[in-house]
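Novice: Protein chains in written order, with the numbering used here: chain A, 1 to 380; chain B, 1 to 380.
Don't take each hint at face value.
Same chains, same label: a pair holds when it works inside one copy or across any pair of copies.
What the hints assert, rightly or not - The calculated DSSO-like cross-link candidates involving lysine-lysine, where the alpha carbons are at most 27 Å apart (straight line), are:
#1 K124 with K368
#2 K43 with K69
#3 K171 with K27
#4 K359 with K129
#5 K129 with K16
#6 K16 with K330
#7 K171 with K129
#8 K129 with K27
#9 K56 with K297
Everything labelled a hint here was simulated from the structure, so no lab data went into it.
Now for the letters of each chain:
Number of protein chains: 2
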Amino acid sequence: MENFIAYNPVTLHFGKNILTTLGPTLKEYGNRVLLVYGKGSVKKSGLYDRIMDGLKLQGFEVSEYGGIKSNPVIEDVDAAAAIGREHQSDVILAVGGGSVIDSSKIISVTIPVENSGWDFFTGKINAAKAIPVVAVLTLAATGTEMNPFAVVSNHALGQKSAYGSPLTFPKHSFLDPGLTLTVPRDYTAYGVADLIAHCFEAWFGIGETTLTDRFVISIVKEAMEYGPKLLADLQNYEYREKIMFAATMALNGMTMYGRSTGDWGVHSAGHCLSLLYDVPHGASLTIVYPAWMRHFKTQAGHRIVQLGSGLFDETLTADETIDRIEAFFKSLGCPIRLSDLKIPGDPGQPLFESMVHNKVNGGNLKMKEEDYRALIGLYL
Amino acid sequence: MENFIAYNPVTLHFGKNILTTLGPTLKEYGNRVLLVYGKGSVKKSGLYDRIMDGLKLQGFEVSEYGGIKSNPVIEDVDAAAAIGREHQSDVILAVGGGSVIDSSKIISVTIPVENSGWDFFTGKINAAKAIPVVAVLTLAATGTEMNPFAVVSNHALGQKSAYGSPLTFPKHSFLDPGLTLTVPRDYTAYGVADLIAHCFEAWFGIGETTLTDRFVISIVKEAMEYGPKLLADLQNYEYREKIMFAATMALNGMTMYGRSTGDWGVHSAGHCLSLLYDVPHGASLTIVYPAWMRHFKTQAGHRIVQLGSGLFDETLTADETIDRIEAFFKSLGCPIRLSDLKIPGDPGQPLFESMVHNKVNGGNLKMKEEDYRALIGLYL
Chain A
1 MENFIAYNPV TLHFGKNILT TLGPTLKEYG NRVLLVYGKG SVKKSGLYDR
51 IMDGLKLQGF EVSEYGGIKS NPVIEDVDAA AAIGREHQSD VILAVGGGSV
101 IDSSKIISVT IPVENSGWDF FTGKINAAKA IPVVAVLTLA ATGTEMNPFA
151 VVSNHALGQK SAYGSPLTFP KHSFLDPGLT LTVPRDYTAY GVADLIAHCF
201 EAWFGIGETT LTDRFVISIV KEAMEYGPKL LADLQNYEYR EKIMFAATMA
251 LNGMTMYGRS TGDWGVHSAG HCLSLLYDVP HGASLTIVYP AWMRHFKTQA
301 GHRIVQLGSG LFDETLTADE TIDRIEAFFK SLGCPIRLSD LKIPGDPGQP
351 LFESMVHNKV NGGNLKMKEE DYRALIGLYL
Chain B
1 MENFIAYNPV TLHFGKNILT TLGPTLKEYG NRVLLVYGKG SVKKSGLYDR
51 IMDGLKLQGF EVSEYGGIKS NPVIEDVDAA AAIGREHQSD VILAVGGGSV
101 IDSSKIISVT IPVENSGWDF FTGKINAAKA IPVVAVLTLA ATGTEMNPFA
151 VVSNHALGQK SAYGSPLTFP KHSFLDPGLT LTVPRDYTAY GVADLIAHCF
201 EAWFGIGETT LTDRFVISIV KEAMEYGPKL LADLQNYEYR EKIMFAATMA
251 LNGMTMYGRS TGDWGVHSAG HCLSLLYDVP HGASLTIVYP AWMRHFKTQA
301 GHRIVQLGSG LFDETLTADE TIDRIEAFFK SLGCPIRLSD LKIPGDPGQP
351 LFESMVHNKV NGGNLKMKEE DYRALIGLYL
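Only chain A is shown next, with the shape it has when bound in the complex (with noise of 0.2 Å):
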């Protein structure tokens, strides 16, 4: 085990109905809140007007800011982060998925500065203070909810970046899986991959620890039994509950005791084809995960081979083990190649320049240009 440092002082409220503590919560800190969140699904689900209303019942104070897109930008959080300073917000209520929540983290920290919440991005500024984020998750998939960690697009400068500190863990994190009965399949298939993906990203980090091995072969088993049946059955309340439930426990710090460092090249990768194409998150890490493995399979040969074992418990070498994986995606109706996305034009060449432009790279195997070419290679 590589030594490590565990602190989460996110309090988690999981299970039905669990939004009735929600006033009380949001109470403790003040009267006057932001409500922050999308595009439009809350508002058609009706958990808009049922949040506003028992805001407003309970005498609080609401200033809003909606339409934070899928993949969050910056301009959205400077915007919310002005109405948040103008109205001194005491208490950020993020309602969505993980772009609404991760926002709302920058937007936490950017409202008692004068900067650009991009500043945290690049490391000009670092956070001192922040307003509790209370988040209400509405999307079973990115972790967001109890970790500190934050990932926003910057499309005038072709970036999209990470940032996380000890003061941008949401305080309270509400998550009802009734409330991601209304996720369409192919997000729901995304969340999936999403979690599963996270976990990889631990597996192949520095640092060998059994315990912790097993933790994160035990997720992403869940997720491989349940995920499937949830997008069979897409109304069960208890997959529902399931995956979000794993796809918490993916990235709250557990899967990372007694590592260094996670890897993230292929969340590193997967970024850009979001910011080129829009693809969503969770679609971008099933086209680039097979591929990363196969070019990496001799460096990392042994923990696929021990991803495989573990995961479905027989003895397969590194092929066997990403082929069945990419199966599994595939499974989920996931993309897992680019041309599945029927992008107009050659992708290859404005990716690799974007992948050089964003430094694309892994905490453990290190990726250069001529990586670039050969991952692009393997996905197109």
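Dock chain B against chain A, hints included.
Specialist: Positioned in the frame of chain A, the structure of chain B alone reads:
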């Protein structure tokens, strides 16, 4: 799954030579340290001198309370709290195993009040303020380093009780597996048994949750794989590391996600053995658990069978599972019958009376006086 709230604010520092950051961590809370420790092993091992020298070099004002017993008693808690009150301690540094850290949690909430610490256990008062606790763990067993719970005995009343509040989490816990290299064989074995028993208490609680069950099986399998290896090679750092990490995971809350309660009937019954005959905690559990499973094998049969197939990767009956678990405890060198402890006289009646007096019960599987008699009959 049952609805649940997950909250664990402990900062865990895990690894080789991790104590290098102990001083700066304590400094966050102030300069006056109350050092709490046990009955000699930290002095024998040289850890006491190392820590005391370090604290003095870094300019801390240190007061101390040594001599916490391995089944900790309320008199020590109250005496230590008086010292902390007198010296206006800013922070408690607990150096030792479960008994020292459990005691320190109660000391931390007793210092700010005039009461005996026992008043927390009876419910007369609840914690309203706490002196921060920083723990240095020297024994892998109880999991206290990453949870808010404390178990203390009151011999005047013939009671052994548990208390916990959101204020009684340690702020920081430092776990260097190297500090456990000197733990003798018997206490090493009891630690392995204790961590397994903690997993079982969660397993037999209320709430069906497939992923959490996978986590529980992961932890027990790790302990069953590396516990015996460690006992055959007590100086092996890697095995110490695996058991220390597993013990922390076994009772940091993750085995309870999706359950509304654990069972804890076995712990409750085991406490009576410790109270009457000073049986080490882990040894009391290896005696009671097999008996408890045999007694409840009809009501809990389904869970026992699930546990067996999870742990042993084959289909076993409830009886076969119990036999295998008992055989495992025996292979560790732990007692599995009270007769293994060679207690003089007939302990049956005093034990029965102690169980009545302490209202021994489980959170899931309820016990009455006839269950006490049956249980005692199975483990005498």
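Novice: How would you label the pair K124, K368 (within, between, both, or neither) given a Cα cut-off of 27 Å?
Specialist: within (26 Å within a copy, 65 Å between copies)
Novice: Evaluate K359 and K129 at a C-alpha cut-off of 27 Å and name the case that applies: within, between, both or neither.
Specialist: neither (29 Å within a copy, 49 Å between copies)
Novice: How would you classify K129 and K27 at a CA-CA limit of 27 Å: within, between, both, or neither?
Specialist: both (20 Å within a copy, 21 Å between copies)
Novice: Given a CA cutoff of 27 Å, do K43 and K69 count as a within-copy pair, a between-copy pair, both, or neither?
Specialist: For K43 and K69, the Cα distance is within 27 Å only inside one copy (14 Å; across copies 60 Å).
Novice: At most 27 Å between C-alpha atoms: does K171 with K129 qualify within a copy, between copies, both, or neither?
Specialist: Cα proximity of K171 and K129: in one copy and across copies (14 Å, 21 Å).
Novice: Quick one: K56 to K297, C-alpha cut-off 27 Å, is that within a copy, between copies, both, or neither?
Specialist: Classified as neither: same-chain Cα gap 56 Å, cross-chain 53 Å, threshold 27 Å.
Novice: Up to 27 Å between alpha-carbons, please classify K129 paired with K16: within, between, both or neither.
Specialist: Classified as neither; 33 Å inside a copy, 33 Å across copies.
Novice: Tell me, please, which holds for K171 and K27 at an alpha-carbon limit of 27 Å: within, between, both or neither?
Specialist: both (13 Å within a copy, 25 Å between copies)
Novice: How would you classify K16 and K330 at a CA-CA limit of 27 Å: within, between, both, or neither?
Specialist: Intra 31 Å, inter 43 Å, cutoff 27 Å: neither.
The structure does not agree with the numbered hints 4, 5, 6 and 9 stated previously, though it agrees with the rest.
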